[in-house]
Amino acid sequence: MPFTLEQLTARFGGRIEGDPAREVGGLAPLDQAGPGHLAFLANPKYLPQVETTRAAAVLITEEALAELKGRGDALAERAFVVTPNPYAYFARVAQVFVAAAAPRVSAGIHPSASVDPSARVAETATIGPFVVVEAGAVIGEHVRIDAHVFIGRGTAIGEGSRIYPNVTIYHGCALEARVIVQSGAVIGSDGFGFAPDFTGEGDARTGEWVKIPQVGGVKIGADVEIGANTTIDRGAMADTVIEHDVKIDNLVQIAHNCRIGAYTVIAGCAGIAGSTTIGRHCMIGGAVGIAGHLKIGDFVIVTAKSGVSKSLPKAGMYTSAFPAVDHAEWNRSAALLRNIDKLRDRIKALEANIQSKGAPE
Amino acid sequence: MPFTLEQLTARFGGRIEGDPAREVGGLAPLDQAGPGHLAFLANPKYLPQVETTRAAAVLITEEALAELKGRGDALAERAFVVTPNPYAYFARVAQVFVAAAAPRVSAGIHPSASVDPSARVAETATIGPFVVVEAGAVIGEHVRIDAHVFIGRGTAIGEGSRIYPNVTIYHGCALEARVIVQSGAVIGSDGFGFAPDFTGEGDARTGEWVKIPQVGGVKIGADVEIGANTTIDRGAMADTVIEHDVKIDNLVQIAHNCRIGAYTVIAGCAGIAGSTTIGRHCMIGGAVGIAGHLKIGDFVIVTAKSGVSKSLPKAGMYTSAFPAVDHAEWNRSAALLRNIDKLRDRIKALEANIQSKGAPE
Amino acid sequence: MPFTLEQLTARFGGRIEGDPAREVGGLAPLDQAGPGHLAFLANPKYLPQVETTRAAAVLITEEALAELKGRGDALAERAFVVTPNPYAYFARVAQVFVAAAAPRVSAGIHPSASVDPSARVAETATIGPFVVVEAGAVIGEHVRIDAHVFIGRGTAIGEGSRIYPNVTIYHGCALEARVIVQSGAVIGSDGFGFAPDFTGEGDARTGEWVKIPQVGGVKIGADVEIGANTTIDRGAMADTVIEHDVKIDNLVQIAHNCRIGAYTVIAGCAGIAGSTTIGRHCMIGGAVGIAGHLKIGDFVIVTAKSGVSKSLPKAGMYTSAFPAVDHAEWNRSAALLRNIDKLRDRIKALEANIQSKGAPE
Chain A
37 MPFTLEQLTA RFGGRIEGDP AREVGGLAPL DQAGPGHLAF LANPKYLPQV ETTRAAAVLI
97 TEEALAELKG RGDALAERAF VVTPNPYAYF ARVAQVFVAA AAPRVSAGIH PSASVDPSAR
157 VAETATIGPF VVVEAGAVIG EHVRIDAHVF IGRGTAIGEG SRIYPNVTIY HGCALEARVI
217 VQSGAVIGSD GFGFAPDFTG EGDARTGEWV KIPQVGGVKI GADVEIGANT TIDRGAMADT
277 VIEHDVKIDN LVQIAHNCRI GAYTVIAGCA GIAGSTTIGR HCMIGGAVGI AGHLKIGDFV
337 IVTAKSGVSK SLPKAGMYTS AFPAVDHAEW NRSAALLRNI DKLRDRIKAL EANIQSKGAP
397 E
Chain B
37 MPFTLEQLTA RFGGRIEGDP AREVGGLAPL DQAGPGHLAF LANPKYLPQV ETTRAAAVLI
97 TEEALAELKG RGDALAERAF VVTPNPYAYF ARVAQVFVAA AAPRVSAGIH PSASVDPSAR
157 VAETATIGPF VVVEAGAVIG EHVRIDAHVF IGRGTAIGEG SRIYPNVTIY HGCALEARVI
217 VQSGAVIGSD GFGFAPDFTG EGDARTGEWV KIPQVGGVKI GADVEIGANT TIDRGAMADT
277 VIEHDVKIDN LVQIAHNCRI GAYTVIAGCA GIAGSTTIGR HCMIGGAVGI AGHLKIGDFV
337 IVTAKSGVSK SLPKAGMYTS AFPAVDHAEW NRSAALLRNI DKLRDRIKAL EANIQSKGAP
397 E
Chain C
37 MPFTLEQLTA RFGGRIEGDP AREVGGLAPL DQAGPGHLAF LANPKYLPQV ETTRAAAVLI
97 TEEALAELKG RGDALAERAF VVTPNPYAYF ARVAQVFVAA AAPRVSAGIH PSASVDPSAR
157 VAETATIGPF VVVEAGAVIG EHVRIDAHVF IGRGTAIGEG SRIYPNVTIY HGCALEARVI
217 VQSGAVIGSD GFGFAPDFTG EGDARTGEWV KIPQVGGVKI GADVEIGANT TIDRGAMADT
277 VIEHDVKIDN LVQIAHNCRI GAYTVIAGCA GIAGSTTIGR HCMIGGAVGI AGHLKIGDFV
337 IVTAKSGVSK SLPKAGMYTS AFPAVDHAEW NRSAALLRNI DKLRDRIKAL EANIQSKGAP
397 E
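Chains as they are written, first to last, in the working numbering: chain A, 37 to 397; chain B, 37 to 397; chain C, 37 to 397.
Below, computed lysine to aspartate or glutamate pairings styled on EDC-like, alpha-carbon distance capped at 20 angstroms:
id: 1; chain 1: A; residue 1: LYS378; chain 2: B; residue 2: GLU387
id: 2; chain 1: B; residue 1: LYS81; chain 2: B; residue 2: GLU103
id: 3; chain 1: C; residue 1: LYS331; chain 2: B; residue 2: ASP239
id: 4; chain 1: B; residue 1: LYS346; chain 2: C; residue 2: GLU365
id: 5; chain 1: A; residue 1: LYS283; chain 2: C; residue 2: GLU244
id: 6; chain 1: A; residue 1: LYS378; chain 2: C; residue 2: ASP377
id: 7; chain 1: C; residue 1: LYS378; chain 2: B; residue 2: ASP362
id: 8; chain 1: B; residue 1: LYS283; chain 2: A; residue 2: ASP233
id: 9; chain 1: C; residue 1: LYS350; chain 2: B; residue 2: GLU237
id: 10; chain 1: B; residue 1: LYS255; chain 2: B; residue 2: GLU279
id: 11; chain 1: B; residue 1: LYS350; chain 2: A; residue 2: GLU237
Label-pair restraints from in silico Cβ distances:
id: 12; chain 1: B; residue 1: PRO147; chain 2: C; residue 2: ALA240; range: 55 to 63 angstroms
id: 13; chain 1: A; residue 1: GLN391; chain 2: C; residue 2: MET319; range: 50 to 58 angstroms
id: 14; chain 1: A; residue 1: LYS346; chain 2: C; residue 2: PRO80; range: 47 to 55 angstroms
id: 15; chain 1: C; residue 1: ARG368; chain 2: B; residue 2: PRO38; range: 48 to 56 angstroms
id: 16; chain 1: C; residue 1: ALA138; chain 2: A; residue 2: LYS346; range: 49 to 57 angstroms
id: 17; chain 1: C; residue 1: ALA136; chain 2: A; residue 2: PRO71; range: 54 to 62 angstroms
id: 18; chain 1: C; residue 1: ALA138; chain 2: A; residue 2: GLU177; range: 44 to 52 angstroms
id: 19; chain 1: A; residue 1: PRO153; chain 2: C; residue 2: PRO139; range: 38 to 46 angstroms
id: 20; chain 1: C; residue 1: GLY352; chain 2: A; residue 2: ALA385; range: 32 to 40 angstroms
id: 21; chain 1: C; residue 1: GLU159; chain 2: B; residue 2: ALA136; range: 53 to 61 angstroms
id: 22; chain 1: A; residue 1: GLN43; chain 2: B; residue 2: PRO147; range: 49 to 57 angstroms
Derived list of chain C stretches under chain B, where covered just means 3 residues or more per stretch with a C-beta under 8 angstroms from a C-beta of chain B:
id: 23; region: 119 to 127
id: 24; region: 178 to 184
id: 25; region: 217 to 231
id: 26; region: 281 to 287
id: 27; region: 354 to 360
id: 28; region: 366 to 374
Calculated from the structure, these hints are not laboratory results. All C-beta atoms in this analysis are idealised placements derived from N, C-alpha and C, irrespective of residue type, glycine included.
Turn these sequences into a full structure, and let the hints steer you where they fit.
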């Protein structure tokens with residue numbers, strides 16, 4: 037299914053520079069593109085590749101195109117689609133090509149699936165083999181639920197959502213439209229809540245951790261993506277909330293009663309402890325840990341591997357991680373850090389000594 | 037199923053102050069409670085809410101009630117259940133309300149489940165759709181095993197345990213009574229053990245990592261809870277052991293031949309390397325890493341994000357994590373830390389200089 | 037199935053010292069071995085255990101045996117198999133004993149499995165209950181796929197591989213021979229790729245994260261092992277590649293377009309961000325984080341909990357983690373570190389003061 041550039045801009049916008057009848061039948065990076073490909077220039081440092089690419093057409097910004105022309109490059113053979121955001125344009129076109137290339141999946145419920153009679157499954161939804169849909173669940177239009185997924189009682193999956201194999205969504209959760217959940221993710225597991233009930237000290241300590249029933253749910257807004265093996269706990273009393281357009285990577289832990297603001301992205305291996313609120317448009321780096329009961333404002337960036345133990349109400353970038361260096365060198369610095377109070381004391385002694393000698397003559 | 041306060045105290049203990057016939061039919065926080073609710077005061081800072089709550093009754097300590105009375109508050113309309121631990125009391129009552137509200141699940145084996153004829157499944161157990169129970173496994177009384185769970189050959193699940201959907205428990209493991217395993221958890225996977233068998237240096241290095249068969253099992257004591265997508269490896273020769281009343285959060289890794297002492301809690305994203313022993317009543321914070329072959333004593337607290345590389349035999353609180361601060365400020369401190377030896381040298385030079393000038397006159 | 041030492045050395049090499057007809061029927065550590073056991077001495081510090089062990093025979097190096105003899109120990113009753121690498125020898129023998137003890141599993145497809153007619157499954161392969169194998173997948177000779185595994189369309193599983201229960205392998209992936217995948221692992225999930233398409237600042241910011249379709253696959257070389265609940269994302273355009281003989285522990289995240297070099301081992305809870313290349317024979321410690329688009333050379337060791345934010349082209353050991361110490365002590369050092377620029381300024385002031393006083397007389 038090739039597109040002419042004219043068809044492309046009719047659908048996705050942008051201005052054509054070159055032959056509008058030129059066809060593109062696939063996408064590729066500038067340096068790997070062949071004659072039928074659409075390529076894109078997102079980073080100015082690859083400008084020279086535009087001159088040498090074999091791509092049929094290149095997605096480009098006005099500014100980059102002007103610079104190319106300023107260089108006096110012979111662009112006669114080239115065709116361009118000019119757009120303020122070539123990378124996003126590329127992504128949207130790629131989605132269409134990929135969807136067209138994917139095998140057709142027929143709507144309907146696989147005969148091996150176990151769907152409770154009281155669940156409502158839209159006719160356009162696709163339910164894969166060995167899926168379990170419990171009582172009262174609601175599966176929206178064009179939802180696709182892959183093999184081995186578990187949907188608990190009363191849980192709602194919004195239209196156009198895609199749930200990959202082996203995902204578990206407990207009872208009483210609600211996903212809005214177009215949510216994507218990668219394999220192995222768990223949504224709605226019990227939050228980690230126990231009331232300590234112990235008496236006595238030391239070896240005489242007896243008692244138990246009394247489980248607090250977790251009766252809140254998980255609410256997930258439209259256009260959220262959740263990565264493989266990520267876990268999102270249900271709330272204790274109120275819900276855990278993931279607002280719309282949040283993107284969460286793999287192996288992320290989101291504890292009970294968190295609220296993650298719209299458009300925020302959370303990279304892999306991060307963990308957010310209970311009842312913490314994160315604002316909108318935040319970027320949480322890989323393996324970041326955020327303690328419980330904090331408030332993170334809008335537009336906060338936390339760099340990878342950092343730990344957050346206090347609220348960060350103000351927009352900005354925050355860090356507490358060191359980059360790895362030579363092991364022996366690190367150990368020397370670490371030993372000095374452990375004794376940094378001794379350095380401070382030596383400075384103090386020097387200051388006292390100097391002062392006792394009076395001001396310099 | 038409302039309770040009168042009299043019925044409540046008959047079952048859970050505590051002393052009634054107010055009308056023993058007053059009924060409670062649900063639980064809620066002080067500030068959200070309605071007239072039929074039981075609320076609780078666990079934290080003295082919420083004492084003012086007790087004066088304004090609409091709750092039918094409040095769980096409270098003797099001390100807090102005395103303080104309320106000391107304030108001269110008009111408590112005539114109030115009813116209290118006085119208990120030394122209102123939060124634990126609340127949790128126990130909540131468990132009963134939640135269990136009563138949950139849909140009845142009939143005992144028995146779902147027709148789609150694959151249960152080996154040599155497995156022993158108690159008549160009161162519930163086995164969900166597509167569950168696999170292998171040869172020789174033993175499923176105790178009132179156990180509930182949800183959809184898509186795998187129970188390997190010879191594994192025993194103790195009475196009253198609850199295994200949520202998509203859990204995998206390998207062969208040769210044993211869970212005692214009332215263990216809860218959240219979805220996606222894996223128990224009994226092979227430990228990470230390989231014998232290096234290489235010769236030669238640099239590019240000439242050849243050989244292989246020879247897998248050490250992992251023939252130990254996993255033993256899990258009574259009343260343990262294991263979080264979603266947590267992994268507990270089987271032992272190499274001896275067993276990996278989780279003692280009773282241990283609570284483990286989501287995405288925690290427990291390597292082969294660890295032993296975790298009773299009542300210890302481990303927060304999300306923590307990782308414990310092989311053959312490490314953790315004592316009783318410890319609290320391991322989120323994203324903590326503990327190296328292998330260490331001994332952690334009883335009553336040890338490791339704060340979130342810390343790394344433990346030496347044994348910690350003594351009770352106490354241990355830390356190695358920094359809180360995130362402004363990125364530019366952090367980078368300045370980090371650069372100075374990397375060159376802290378130069379600061380030390382400058383101090384040394386100053387000391388030498390001062391000394392060569394003799395003691396102050 | 038006991039072996040005589042003669043049979044053992046015929047199969048696994050090594051030199052017998054003692055009675056070649058002596059039989060061993062199992063393996064055990066030196067201090068737990070009984071009369072029918074083969075034990076091994078890998079660490080010289082356990083040499084005294086060789087003198088007291090009840091094992092029928094001991095795997096030992098020439099050097100250790102010479103030392104024993106030098107001690108004048110009466111070794112007449114002992115039998116030894118002398119080998120340069122007793123631990124690897126032990127592992128290889130253990131594999132045979134364990135395989136022999138494992139219950140026979142018949143080849144074939146479990147009647148409950150859902151295998152697309154266009155998939156090719158070798159006659160010697162074993163497909164467990166509720167397994168899904170999609171169209172065009174290829175399952176090699178002697179592969180064993182356990183319950184609830186999902187194999188996406190067109191994915192190839194190489195001969196002798198073992199896929200444990202509840203593993204998900206998406207479409208378009210390829211595993212070579214003898215790959216082991218522990219339960220809950222996810223291979224081929226979408227990489228975390230989104231093109232930002234936003235305009236406006238602050239509260240006025242609008243737009244969306246446009247998903248970049250992930251059309252690369254995952255290629256996994258022979259003899260790789262992948263731990264429980266580990267995730268390996270598919271590439272965006274090109275493939276994510278795990279070279280042969282790589283060993284990956286539990287709960288590890290490997291992002292899209294990474295390449296992990298042969299023989300590298302990655303411990304639990306580590307995370308590697310997108311497009312990073314790791315060389316051969318590296319050792320990545322537990323909970324290490326490595327940023328994206330980096331190049332890590334061959335023979336690099338990164339110690340546990342470290343964060344890598346720059347390429348490490350040279351072999352060596354790298355670190356950025358502190359060991360946990362007493363909490364109050366840590367907080368004092370951390371406060372001084374946060375103000376280390378003030379210490380630096382005080383040193384500067386002292387230096388200026390000294391200098392203004394002239395050189396020492």
